[in-house]
Structures are given as C-alpha cells and as structure tokens.
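Asks: For the protein sequence lines, the chains are A and B, in the order given. Take the first sequence: its position 203, counted from the start at 1, is 203 in the numbering used here, and no numbers get skipped. Numbers given in the numbering used here equal positions in the second sequence, counted from 1, plus 419.
Hints were generated in silico from the structure; no laboratory data involved. The structure presented is a predicted model; accordingly, all values stated were derived computationally and were not measured. Fair warning: there could be bad hints in the mix.
Computed from the model, here is a short list of chain A residues facing chain B with C-beta under 10 Å [said to hold, decoys possible]:
| hint | residue |
| --- | --- |
| 1 | Pro193 |
| 2 | Gln194 |
| 3 | Met326 |
| 4 | Glu328 |
| 5 | Glu341 |
| 6 | Ser405 |
| 7 | Arg417 |
Far from chain B, some chain A residues (derived; all Cβ distances over 12 Å) [claimed, not checked]:
| hint | residue |
| --- | --- |
| 8 | Glu63 |
| 9 | Lys114 |
| 10 | Leu129 |
| 11 | His143 |
| 12 | Arg153 |
| 13 | Pro168 |
| 14 | Leu184 |
| 15 | Arg214 |
| 16 | Pro301 |
| 17 | Ala324 |
| 18 | Asn333 |
| 19 | Ala336 |
| 20 | Glu359 |
| 21 | Gln394 |
| 22 | Asp414 |
| 23 | Glu419 |
Chain B regions said to be covered by chain A (calculated; three or more residues, Cβ under 8 Å) [claimed, not checked]:
| hint | region |
| --- | --- |
| 24 | 577–590 |
| 25 | 709–723 |
| 26 | 761–773 |
Glycine included, C-beta positions come from ideal geometry on N, C-alpha and C.
Below are the chains, spelled out letter by letter.
2 protein chains.
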Amino acid sequence: MQAGLRPSANRLVSSADHLASTAGHPTSVDRLLGSVLSRALGAAPVRLFLWDGSEIASDAAGERFQLRLHSRRALLGLLIHPQLYFGECYADGSLDVEGDLPEALTALYEATPKPHGVHVAIDRVCAHLRRISPSRSRWNVHHHYDLGNDFYRLWLDERMVYTCAYFPTPDATLEEAQLAKLDLVCRKLRLRPQERVIEAGCGWGALALHMAGRYGARVRAFNLSGEQVAYARECAARAGLANRVEFVEDDYRAATGRCDAFVSVGMLEHVGLRSYRELGRVIRRVLKNDGRGLLHSIGRPSPAPTNAWIVRRIFPDGYTPSLAEMMEVFEPNGFAVLDVENLRTHYARTLEHWLERYERAVPQVRAMFDESFVRTWRLYLAGSIAGFRFGSMQLFQVLFAGPASGAVAATRADIYRQE
Amino acid sequence: MQAGLRPSANRLVSSADHLASTAGHPTSVDRLLGSVLSRALGAAPVRLFLWDGSEIASDAAGERFQLRLHSRRALLGLLIHPQLYFGECYADGSLDVEGDLPEALTALYEATPKPHGVHVAIDRVCAHLRRISPSRSRWNVHHHYDLGNDFYRLWLDERMVYTCAYFPTPDATLEEAQLAKLDLVCRKLRLRPQERVIEAGCGWGALALHMAGRYGARVRAFNLSGEQVAYARECAARAGLANRVEFVEDDYRAATGRCDAFVSVGMLEHVGLRSYRELGRVIRRVLKNDGRGLLHSIGRPSPAPTNAWIVRRIFPDGYTPSLAEMMEVFEPNGFAVLDVENLRTHYARTLEHWLERYERAVPQVRAMFDESFVRTWRLYLAGSIAGFRFGSMQLFQVLFAGPASGAVAATRADIYRQE
Numbered sequence: 001m002q003a004g005l006r007p008s009a010n011r012l013v014s015s016a017d018h019l020a021s022t023a024g025h026p027t028s029v030d031r032l033l034g035s036v037l038s039r040a041l042g043a044a045p046v047r048l049f050l051w052d053g054s055e056i057a058s059d060a061a062g063e064r065f066q067l068r069l070h071s072r073r074a075l076l077g078l079l080i081h082p083q084l085y086f087g088e089c090y091a092d093g094s095l096d097v098e099g100d101l102p103e104a105l106t107a108l109y110e111a112t113p114k115p116h117g118v119h120v121a122i123d124r125v126c127a128h129l130r131r132i133s134p135s136r137s138r139w140n141v142h143h144h145y146d147l148g149n150d151f152y153r154l155w156l157d158e159r160m161v162y163t164c165a166y167f168p169t170p171d172a173t174l175e176e177a178q179l180a181k182l183d184l185v186c187r188k189l190r191l192r193p194q195e196r197v198i199e200a201g202c203g204w205g206a207l208a209l210h211m212a213g214r215y216g217a218r219v220r221a222f223n224l225s226g227e228q229v230a231y232a233r234e235c236a237a238r239a240g241l242a243n244r245v246e247f248v249e250d251d252y253r254a255a256t257g258r259c260d261a262f263v264s265v266g267m268l269e270h271v272g273l274r275s276y277r278e279l280g281r282v283i284r285r286v287l288k289n290d291g292r293g294l295l296h297s298i299g300r301p302s303p304a305p306t307n308a309w310i311v312r313r314i315f316p317d318g319y320t321p322s323l324a325e326m327m328e329v330f331e332p333n334g335f336a337v338l339d340v341e342n343l344r345t346h347y348a349r350t351l352e353h354w355l356e357r358y359e360r361a362v363p364q365v366r367a368m369f370d371e372s373f374v375r376t377w378r379l380y381l382a383g384s385i386a387g388f389r390f391g392s393m394q395l396f397q398v399l400f401a402g403p404a405s406g407a408v409a410a411t412r413a414d415i416y417r418q419e
Numbered sequence: 420m421q422a423g424l425r426p427s428a429n430r431l432v433s434s435a436d437h438l439a440s441t442a443g444h445p446t447s448v449d450r451l452l453g454s455v456l457s458r459a460l461g462a463a464p465v466r467l468f469l470w471d472g473s474e475i476a477s478d479a480a481g482e483r484f485q486l487r488l489h490s491r492r493a494l495l496g497l498l499i500h501p502q503l504y505f506g507e508c509y510a511d512g513s514l515d516v517e518g519d520l521p522e523a524l525t526a527l528y529e530a531t532p533k534p535h536g537v538h539v540a541i542d543r544v545c546a547h548l549r550r551i552s553p554s555r556s557r558w559n560v561h562h563h564y565d566l567g568n569d570f571y572r573l574w575l576d577e578r579m580v581y582t583c584a585y586f587p588t589p590d591a592t593l594e595e596a597q598l599a600k601l602d603l604v605c606r607k608l609r610l611r612p613q614e615r616v617i618e619a620g621c622g623w624g625a626l627a628l629h630m631a632g633r634y635g636a637r638v639r640a641f642n643l644s645g646e647q648v649a650y651a652r653e654c655a656a657r658a659g660l661a662n663r664v665e666f667v668e669d670d671y672r673a674a675t676g677r678c679d680a681f682v683s684v685g686m687l688e689h690v691g692l693r694s695y696r697e698l699g700r701v702i703r704r705v706l707k708n709d710g711r712g713l714l715h716s717i718g719r720p721s722p723a724p725t726n727a728w729i730v731r732r733i734f735p736d737g738y739t740p741s742l743a744e745m746m747e748v749f750e751p752n753g754f755a756v757l758d759v760e761n762l763r764t765h766y767a768r769t770l771e772h773w774l775e776r777y778e779r780a781v782p783q784v785r786a787m788f789d790e791s792f793v794r795t796w797r798l799y800l801a802g803s804i805a806g807f808r809f810g811s812m813q814l815f816q817v818l819f820a821g822p823a824s825g826a827v828a829a830t831r832a833d834i835y836r837q838e
C-alpha cells in the first residue's frame, strides 16, 4: 500500500524513529512513561508489557487482553499521538495485542476518553477546509479500490458488495444480508420499471445490476475505479443487462441528464465535508423535481475528526459526518429528508463476517502483499468492528425527495411486508 | 384570543391603520399598488379585487380563486409585510378568499417566492437569540392551550390528541389515526411493561395513558397547562390508571429521577432554538445511559423563520426547526439518532379532518369567542394544511438512544408486523 504521508506527519515519524533507534533494555524513564501510558488506558482490562517482557503495573481490574510493546518507538508513539501510532506500530509489528482484537479495541474505546487535543483540533479545521478535487478523488479511489479485484474477492460476498449489509435476521449469511441490503435500498426508493437512476460511486456494480435486473430500472452508474468498472461491465454483460446499465468511469460530478432516482451507497465518506453542498447541487441538477434519492454513509453521533491512521493508511481524505453535517447536502438544496435509518449494528455484523473471511485468506493476502499489509488491514477491519460496536461510528441511510415531490409512500409498512 | 403584540409590530399596525383611515373609492395610486401586488402573487391562479368590487388585471392563467381586499389597509398590509398582514386582514374581515381556502393558500405558496427580506432576516436573528424562560413558557402555553377544553373538544378526536396523526390507510378515521400514532410511538420506543417513561408536554394525556394502559409503562408526564393537566388526571382516574401515570403541572426542566424512555410529542415547537442544547441536557440527566427517546416535532426542509402572523396570533415564540437544527438536541449530548420518519402528508390529512370538524362547529366557536377568533383559527388550520401539502412544513419523528445503548432492535420490521 502506498502511504499518503504529509510532510508534518513525516517529521513526527522521523523523530520517533530517531528516539527509537536508541532502544535496548527499558530504562527507568521507559518504565515511568509506561506508567503514564497505563494510566491513559484508564479502566481498560488490558495488561501492558514492555519489550523485555516486563509488565507495567496497572489499576485496571479483570484484564482480558495483553498489549505488548516491542520497541521504544511504540511506547513513545502511543504517548505522542495514540490515534496515529497505535495503527503504525501494530502494522510494523512493534505493537501486538493478545486476545480477541475487536473486543480489545472495543474495550480500549470504552475505557479511554474521546480523542481531543491539538491533533484533533487541527484535523477538524482541515476537514472543513479540504476541497477534494476530481483529480484528488481519482487518486484517493485508486489508492483503496484498485488494490485488485482478486484481493477483495478473498473476503467479500459473491456480489462483491463493500458496504454495510442488512441482516433481516441475525443469522443471515453475508450473501443473504448483502442481497437484503440491495433490495432494501430499492424498496425504500420505491423503484418502478423503466425509471432512470443515477448511481454515484457504484463499487463493483451489484446495486446497479439489482436495480436493473430485479426492478427494471435503467441505470447510469459512476465510478472512478477502473478495476471496478471493468469488473462491473463484465457482470452486466454476463447477466444480459448491458443494455439497461451503463457503467461510466468518471466522477459523479460529470453526471448529466435527468433521473427519477439518485442513489449513492458508501461514497459520501470520500466526498469531504466542504463539498457536501456541491454534491447536493449535482443531485439537484440531475434529479427530477419529483424524484427521490438515497444516501448511505458511515457517520458519527456528533462531529469528530476521522482517525488519523485511517486517513493515512486506509482512506486518504476520508471523513464521516454527523447527521447534522450530512444535512448540508440536502437543506440548502431544497430536498426534504423522508427517512433516516441507523444501521450501526448491521455494519458491526458485516465487518465480523469480513474479518472472519479475511483471517482465513491471510496466507493469500501475505503472498499478494506483505506482512505489514496483512496487519494493516486486520487492524482496519477489527477497529471498524470496535467503532460500530462502541457507537463512535454509525451508519446512516437517508431517503430524501426533490422539492416538488409528495411523500414517496404513505407509510413505511410496504418496505417490511416481505421481510 | 390575546395577542402577543410586540411594540415594533404595534407601530407597523398603527401606521397601516392611519393610512387606511383615508380609504374610500380606490384611487389611481391604489390601482397601481394593486398591480404591484398582483405581480407579486406571480403565477398563482388568483383574481384580485379591490374594495369597490373592481378587478386588478393579472397575467395568471386559469384563475380558480378570488382574493377580495375590503380596505386600503389590506392592500398596504399585503405590500408591506404579507406574512403578517394576510392573517391580520383575513382575521378582521378586510380580506376574503373565495374558493377552497387550503387549496388557495397552497397555490399562493407555490406561486410566490420564499419569504425573504428584512423581516425574515430580523426574525431569523431573533429565533437564535430568544431564550424562552420557564415563566415565558408558562405564558405561551396558557395563551394557546388554555382556550378551554370545550373549544378543543369541538374539533379534536375523542382522545383529544392535538398533534399529527398517523394514517395506516388513507381512509382511516381521525380516531383510528390518532390511536395508530400513539401506538406507533410506543412500538418505535419498544416499550416494555414496568418501564419508567418521562413525557415532556403531554397535552390532554392520551399518549401517557396509552403507554400505561396498553404497554404497562409507568409514566410521569409534564405539562404547563392547568386545564389540560386537570383533564388528563380525570381521564387517568376514570381508566383506573392513576397509580401508573402521574401528571405533573410543571416545566419539563423540573423533571428528576431516571427513566428508560423519554418522549415528547409536539413540544419542541415551543422550546426555542436557543434552548435545544438545554433540552438535550435535561434528557441526558433523566434518561438512563441505555435508554431510548422519541421527539416528534413540526420541522422545515431548511432553516426558516416562523410565519410572523402565526407567532403573533397562534404560537407566541413558536419555532419549527430543520432536521440539522433538531440535531442540536442530540449531537452535543452523546445521543445517537436511530430513526427519523417524515410524516408531512399525515399532518396535512390530520389538519383536513380538524378543519372539517371545525367548520361544522363554527356556530359554537362564534358563541364562545367572536367572529375574528373564528376566522383566525380557520386561517391557521387551512394555512397549516397548505404548508404541509406544499412542503414548507414537515413533521419529523426522531428516535434516539442513550450513549451506552445498543440498537433498540435489529430492524424496523417488528414495528410494521401488525399494520
């Protein structure tokens, strides 16, 4: 994986590396810093070990996990900027967690105070100022989604849906739950045959194909990832839907024409706070006045900066909004919000499936990339489980309507008739 | 009805009255001003007549309604501040609408641009600055809700529910739809027997009684209206529920103790934008960490000042928020929004029922109050129908959960199983 390193972050890393180069047996200063870190971990049921195997005494009761620091760099990193260095050190192996990783991370979330301080303040200002240009979007998408279809195929469902699934029952399989999600989106939109749909950020095309194949819609689906578009076109051809679904390798801002429904599942996270109004203007331009739309995005219970490590290693420029922040897409552009559903627990369950499949595929992932990549993605999936379980991350599915639209339907009962 | 006149508004009225005192046969200036007004009405299918019965020529096609101005005051008022003087002049009879009143008002909404200008700007700033103290709240509530139970009984349903109903089918009766709403709220909250509920602003007590009687909950319901509380206590005694429901004649801010669920239906409109955070803090204080809550309120598609006439004559200090503005209750206080449902079309239907019953009861209303009161309330009900039909008004039902709550339920299917 390429790293989206910024100069200031580079300097931090360099100075930590410099200090770490002087490692060796833990000194009394190391043990003192270890105690400071232990106190910062609060009531988390975690035992802390330094690189010589010695334990830092802690007040926490009922320890269920071991946090092992294999270098001074890990110790200093966790003290300087834990949001960033937990991930950095886990990825390079200078930090290890023994015990169930998602559970350990959930316990850490629960026990430690919300991130705050100067890093958070800077991140917050940056999120508001950052404008993500089409070329920057292209690079961001390439960074994450062009890791190779072979990689994603190892742990996604058969339709290659890389967004929160919907579990009508807790024991539904991942395949069933992803299909249920695709259908839930169509039912919420009350899609009818021959209706025109524009989809922004279509992944490997599963939703577009479902809308066309199951609901008879005519879909134009935009995506910046060349690998995904190629795959989606193949699927459309194989399903005999190439005449109903057009996959366009372009930015959603390039959309033209008018549609009855606008849908975007899992793209808002890449749009950037500053461009929400612009997204709303694009939707307003393409959506008929009486049209409907659905935005599905990871969110937050209240505004918060994206985890610094996630921004650096997983989603460059990623930002997950609060519901009030999401409204910036709709309210200035005359859209009325009809329905919001929070699917947080469904994303935790989805990620549990993904992590389980990922762990089984680790030998293949290691052969494709390297050990650091294996650990980076394990932490990303496990940390996301923890975020959705703990509630620092939410999943909002927002149904909205154009300014001249009546209600889409009198009640929501029809959505659930077949469940 | 007492008027919540503010000094500046008084001055405006006086100067319009002064100009109007010089009335008589329309002059060429009156006809010129009539043309200006006609143009301001845009494409609305309305014919405009002055007080001598003469018509102002208009470009609008397919006129379906007649707007008759019976005085120069009405003409000047509509030009100076239409938001305020349409209502003022309709109430005192110096303005009349011929044709279906809700339809005419909807057409006027559709044809005229959104309110803007200096009045709107001032109203907007005031909404943000206005803090509504408990004593002011008490006066506001008294102004509207203490008009007499006999008055409301004339046109509300048998349970005296004065908020948006829920129509499982479009032809449900008002009685059925209000009961369906009460039950929908309980199902969304997944109320269980013996759970403690705090209700803020309980009206005549129908929801509290339903939660206790049908779901076995123990309810403390707050209300500032002495008339309503007395009525609700009688109902509780008659239903044998006095030991499960306590009606407290006090401000919601006086709530103490801890509850499993917090519910407020149709109170947020009186809280005032500046006090949303305070409302959130009160909920946080009383709601268990794993508790659930539901707020039901009239809203807007985007932030907008309340109609000036409504604030003066119907709801002093009333403010209807956009969804983003509503989030100020939840986001700073660690609540996660689980579900938002927009019931706009249900409120239009509810108001149609109310207006129909109200028109039948006009002789009794006239005997209780006077003709100006009759016309004021007719316009308020008809204008609200128009607002909900047109979409300038929305109805948001927001389900939320405390910071330590899991999901209330895996999916929403259980809510709709019995519909």
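Asks: With reference to the structure, classify each hint as holding or not holding.
Replies: Here is what the structure says about each hint:
no.: 1; hint: Pro193; result: violated, 24 Å
no.: 2; hint: Gln194; result: violated, 25 Å
no.: 3; hint: Met326; result: holds, 8 Å
no.: 4; hint: Glu328; result: holds, 7 Å
no.: 5; hint: Glu341; result: holds, 6 Å
no.: 6; hint: Ser405; result: holds, 8 Å
no.: 7; hint: Arg417; result: holds, 8 Å
no.: 8; hint: Glu63; result: holds, 22 Å
no.: 9; hint: Lys114; result: violated, 10 Å
no.: 10; hint: Leu129; result: holds, 20 Å
no.: 11; hint: His143; result: holds, 30 Å
no.: 12; hint: Arg153; result: holds, 28 Å
no.: 13; hint: Pro168; result: violated, 6 Å
no.: 14; hint: Leu184; result: violated, 9 Å
no.: 15; hint: Arg214; result: holds, 20 Å
no.: 16; hint: Pro301; result: violated, 4 Å
no.: 17; hint: Ala324; result: violated, 4 Å
no.: 18; hint: Asn333; result: violated, 8 Å
no.: 19; hint: Ala336; result: violated, 4 Å
no.: 20; hint: Glu359; result: holds, 25 Å
no.: 21; hint: Gln394; result: violated, 6 Å
no.: 22; hint: Asp414; result: violated, 9 Å
no.: 23; hint: Glu419; result: violated, 4 Å
no.: 24; hint: 577–590; result: holds (count 5)
no.: 25; hint: 709–723; result: holds (count 3)
no.: 26; hint: 761–773; result: holds (count 4)
Checked against the numbered hints above, the structure breaks hints 1, 2, 9, 13, 14, 16, 17, 18, 19, 21, 22 and 23 and satisfies the rest.
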